[in-house]
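Produce the complete structure using the sequences and hints provided.
These protein sequence lines map, in sequence, to chains A and B.
Read in order, the letters of the first sequence are residues 1 to 331 in our numbering.
Read in order, the letters of the second sequence are residues 1 to 331 in our numbering.
Quick caveat, the hints were computed from the structure, so don't treat them as lab data.
Even for Gly, the Cβ is constructed at its ideal location relative to N, Cα and C.
Any given hint might turn out to be false.
Per label pair, the in silico range of CB-to-CB distance [to be verified]:
(1) B:F298 / A:T76: 30 to 38 Å
(2) A:K91 / B:K183: 54 to 62 Å
(3) B:S23 / A:D301: 43 to 51 Å
(4) B:T76 / A:G247: 55 to 63 Å
(5) A:Y323 / B:K313: 32 to 40 Å
(6) B:Q240 / A:A262: 31 to 39 Å
There are 2 protein chains.
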Amino acid sequence: MRDIHILDVSLRDGSHSMKHQYSEQQVRDIARGLNQAGVEYFEVAHGDGLGGSSLQYGLSAVDELKLIEAAANECTDSKVAVLLIPGIGIKDDLKNAVNAGAKMARVATHVTEADISAQHIAYSRELGLKTAGFLMMAHMAPTSVIVEQAKLFESYGAEIVYVTDSAGYLLPDQVTERIRALKENIGCEIGFHAHNNMSLAMANSLAAIEAGATYIDGSLRALGAGSGNTQTEVLVAVLQRMGIQTGVDLYNIIDVANDIVAPILPRPQEISGSSLIMGYAGVYSSFLLHTEKASKQFGVDERDILVELGRRKTVGGQEDLIYEVAQSLRK
Amino acid sequence: MRDIHILDVSLRDGSHSMKHQYSEQQVRDIARGLNQAGVEYFEVAHGDGLGGSSLQYGLSAVDELKLIEAAANECTDSKVAVLLIPGIGIKDDLKNAVNAGAKMARVATHVTEADISAQHIAYSRELGLKTAGFLMMAHMAPTSVIVEQAKLFESYGAEIVYVTDSAGYLLPDQVTERIRALKENIGCEIGFHAHNNMSLAMANSLAAIEAGATYIDGSLRALGAGSGNTQTEVLVAVLQRMGIQTGVDLYNIIDVANDIVAPILPRPQEISGSSLIMGYAGVYSSFLLHTEKASKQFGVDERDILVELGRRKTVGGQEDLIYEVAQSLRK
Numbered sequence: 001m002r003d004i005h006i007l008d009v010s011l012r013d014g015s016h017s018m019k020h021q022y023s024e025q026q027v028r029d030i031a032r033g034l035n036q037a038g039v040e041y042f043e044v045a046h047g048d049g050l051g052g053s054s055l056q057y058g059l060s061a062v063d064e065l066k067l068i069e070a071a072a073n074e075c076t077d078s079k080v081a082v083l084l085i086p087g088i089g090i091k092d093d094l095k096n097a098v099n100a101g102a103k104m105a106r107v108a109t110h111v112t113e114a115d116i117s118a119q120h121i122a123y124s125r126e127l128g129l130k131t132a133g134f135l136m137m138a139h140m141a142p143t144s145v146i147v148e149q150a151k152l153f154e155s156y157g158a159e160i161v162y163v164t165d166s167a168g169y170l171l172p173d174q175v176t177e178r179i180r181a182l183k184e185n186i187g188c189e190i191g192f193h194a195h196n197n198m199s200l201a202m203a204n205s206l207a208a209i210e211a212g213a214t215y216i217d218g219s220l221r222a223l224g225a226g227s228g229n230t231q232t233e234v235l236v237a238v239l240q241r242m243g244i245q246t247g248v249d250l251y252n253i254i255d256v257a258n259d260i261v262a263p264i265l266p267r268p269q270e271i272s273g274s275s276l277i278m279g280y281a282g283v284y285s286s287f288l289l290h291t292e293k294a295s296k297q298f299g300v301d302e303r304d305i306l307v308e309l310g311r312r313k314t315v316g317g318q319e320d321l322i323y324e325v326a327q328s329l330r331k
Numbered sequence: 001m002r003d004i005h006i007l008d009v010s011l012r013d014g015s016h017s018m019k020h021q022y023s024e025q026q027v028r029d030i031a032r033g034l035n036q037a038g039v040e041y042f043e044v045a046h047g048d049g050l051g052g053s054s055l056q057y058g059l060s061a062v063d064e065l066k067l068i069e070a071a072a073n074e075c076t077d078s079k080v081a082v083l084l085i086p087g088i089g090i091k092d093d094l095k096n097a098v099n100a101g102a103k104m105a106r107v108a109t110h111v112t113e114a115d116i117s118a119q120h121i122a123y124s125r126e127l128g129l130k131t132a133g134f135l136m137m138a139h140m141a142p143t144s145v146i147v148e149q150a151k152l153f154e155s156y157g158a159e160i161v162y163v164t165d166s167a168g169y170l171l172p173d174q175v176t177e178r179i180r181a182l183k184e185n186i187g188c189e190i191g192f193h194a195h196n197n198m199s200l201a202m203a204n205s206l207a208a209i210e211a212g213a214t215y216i217d218g219s220l221r222a223l224g225a226g227s228g229n230t231q232t233e234v235l236v237a238v239l240q241r242m243g244i245q246t247g248v249d250l251y252n253i254i255d256v257a258n259d260i261v262a263p264i265l266p267r268p269q270e271i272s273g274s275s276l277i278m279g280y281a282g283v284y285s286s287f288l289l290h291t292e293k294a295s296k297q298f299g300v301d302e303r304d305i306l307v308e309l310g311r312r313k314t315v316g317g318q319e320d321l322i323y324e325v326a327q328s329l330r331k
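Listed below in structure tokens is the structure:
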């Protein structure tokens with residue numbers, strides 16, 4: 001009996017922190033641990049989802065289908081989820097993931113672009129996958145837009161809609177407002193995915209639960225992009241203290257985090273100056289490299305550039321704007 | 001104009017993480033940075049307060065009076081605070097600290113023992129120090145007791161009373177309840193000191209502010225005992241986004257954290273399995289070593305020992321109980 005469904009993203013969002021270099025053995029070990037600890041779902045894919053392995057997003061060390069299969073083979077109870085961003089991944093990737101053992105798909109779009117996911121969500125349902133829509137950069141749209149986009153996901157067949165704080169920007173009250181509005185306006189279940197750039201991943205996850213979310217993402221040792229995610233083993237401890245059932249064994253999940261994940265971390269998941277500014281500004285961490293260059297070229301503090309990019313609600317793909325903003329700030 | 005007074009404890013609680021090995025130059029550099037960033041107060045002392053340097057609590061590399069003096073010499077605006085735990089420190093330590101340049105004293109006792117602080121608080125006021133009472137392990141007493149103890153502090157002359165979540169145990173609602181009760185029942189200002197063992201330091205600090213606290217502790221890069229404290233530079237960013245004035249410059253404080261503190265960290269301030277269990281159980285981190293020994297001796301999971309010690313509200317000085325608990329759990 002579970003009140004809250006924890007979905008662990010160590011093997012997907014955590015892939016960013018691992019620079020997409022997970023070995024098959026590492027995936028097998030973590031998957032076995034998650035399964036033994038009783039984690040209901042965990043996601044396996046390139047950090048940018050199925051098909052993400054590329055020069056642009058970073059090449060994976062091992063083909064993700066091999067990793068999905070390795071993970072699925074360790075599962076007696078847990079189910080493997082995959083993430084698909086239409087445009088990066090294609091429908092065939094979903095079919096291949098199912099053949100490799102995936103049981104759930106999360107179709108992810110920018111917060112204003114749910115309409116590009118219709119086919120993928122429908123196909124995911126057709127394949128028999130538990131299917132979710134995943135609204136990224138959810139701080140960039142007002143609540144009314146989030147409700148409208150969630151309704152699109154629902155109309156395509158999504159069974160869960162996630163609010164995704166990709167930049168770790170949201171404050172707890174803003175999470176409450178978004179989740180509550182979804183709860184009042186859509187029929188499917190609601191999920192929340194936090195990032196810890198402002199040290200609020202746990203606070204925001206609790207706010208989401210209180211407002212009606214039932215699916216919460218976490219990652220072991222907080223392994224994920226930026227400052228990482230809600231720390232799975234800590235989430236289990238906090239919810240256990242609150243009397244909320246997750247079905248996860250606390251000691252077992254701590255053992256996976258400490259004994260399997262901690263030793264392979266390339267760097268600890270701290271809140272550094274740059275990840276803090278990402279969260280404060282509300283921009284993608286992929287902007288950082290270009291911003292550093294533009295900062296040097298135009299002699300402008302990179303933090304001012306990032307804050308201005310956030311103010312302009314700049315999204316991935318608009319990297320050219322970074323130089324334009326730097327130039328305008330020099331004046 | 002400040003809505004919230006931030007007190008940085010990197011040079012006191014952070015001393016635990018540094019194993020009390022701060023050099024005079026490091027203290028000088030951090031103090032200069034804090035002063036430039038506009039931090040109103042920062043604390044300098046052994047992790048266990050004035051007089052803490054000892055075989056029992058760990059020997060400091062440099063005499064704390066030298067460190068206080070070095071820090072005070074860097075201050076044009078910031079004020080140096082010291083912590084004193086009666087029994088570890090004595091009244092003369094306060095006088096020496098004043099001579100070295102301290103402007104504020106926080107007199108700390110276990111949550112039920114404010115009555116041992118009467119002389120120290122009175123003497124601190126006599127010395128012209130801004131004076132606070134600091135209730136440690138605040139999760140161990142119900143709110144009614146905290147109010148009663150705070151009233152004692154107030155009656156001795158304390159101008160601020162702190163609720164101190166030494167073990168990182170409290171949930172946000174529990175912080176709200178405690179701070180709100182103080183707000184309703186005492187006249188002096190209210191402070192809050194968090195630890196991040198349950199990933200709730202920021203959430204709890206915000207809950208405290210919302211309930212009426214005006215003094216909030218933080219530390220750079222979260223440097224402190226257990227999983228560390230509320231991360232000062234992140235707190236500044238979060239409060240700035242909320243429109244709450246702290247008087248601290250965001251970019252400057254990030255620079256101190258990144259350029260001065262991060263390079264000297266002996267280890268990053270993560271939430272490890274053992275610090276998580278400390279917070280979950282609500283026990284002092286000083287119990288860990290004995291618990292490991294007892295665990296091996298009696299073949300009992302050390303986490304079970306810690307949870308049972310927490311349930312029994314065991315405090316520092318009762319280390320013998322650790323073996324007794326381990327033995328009883330073996331049965």
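Item to check | Beta-carbon spacing of B:F298 to A:T76 - inside the hinted bounds 30 to 38 Å or not | outcome: holds (33 Å)
Item to check | Range hint 31 to 39 Å (beta carbons of B:Q240 and A:A262) holds or violated | outcome: holds (33 Å)
Next on the checklist: Please check whether B:T76 and A:G247 have a Cβ separation lying inside 55 to 63 Å.
Outcome noted: Holds, at about 56 Å.
Checklist entry - Has the hinted range 54 to 62 Å been met by the Cβ atoms of A:K91 and B:K183? => result Holds, at about 58 Å.
Checklist entry - So the hint says 32 to 40 Å: do the beta-carbon atoms of A:Y323 and B:K313 match that? => result violated (60 Å)
Checklist entry - Using the C-beta atoms of B:S23 and A:D301, is the stated range 43 to 51 Å upheld? => result With a Cβ separation near 30 Å, B:S23 and A:D301 fall outside 43 to 51 Å, so the hint is violated.
Against the hints set out earlier in the document, violations occur for numbers 3 and 5.
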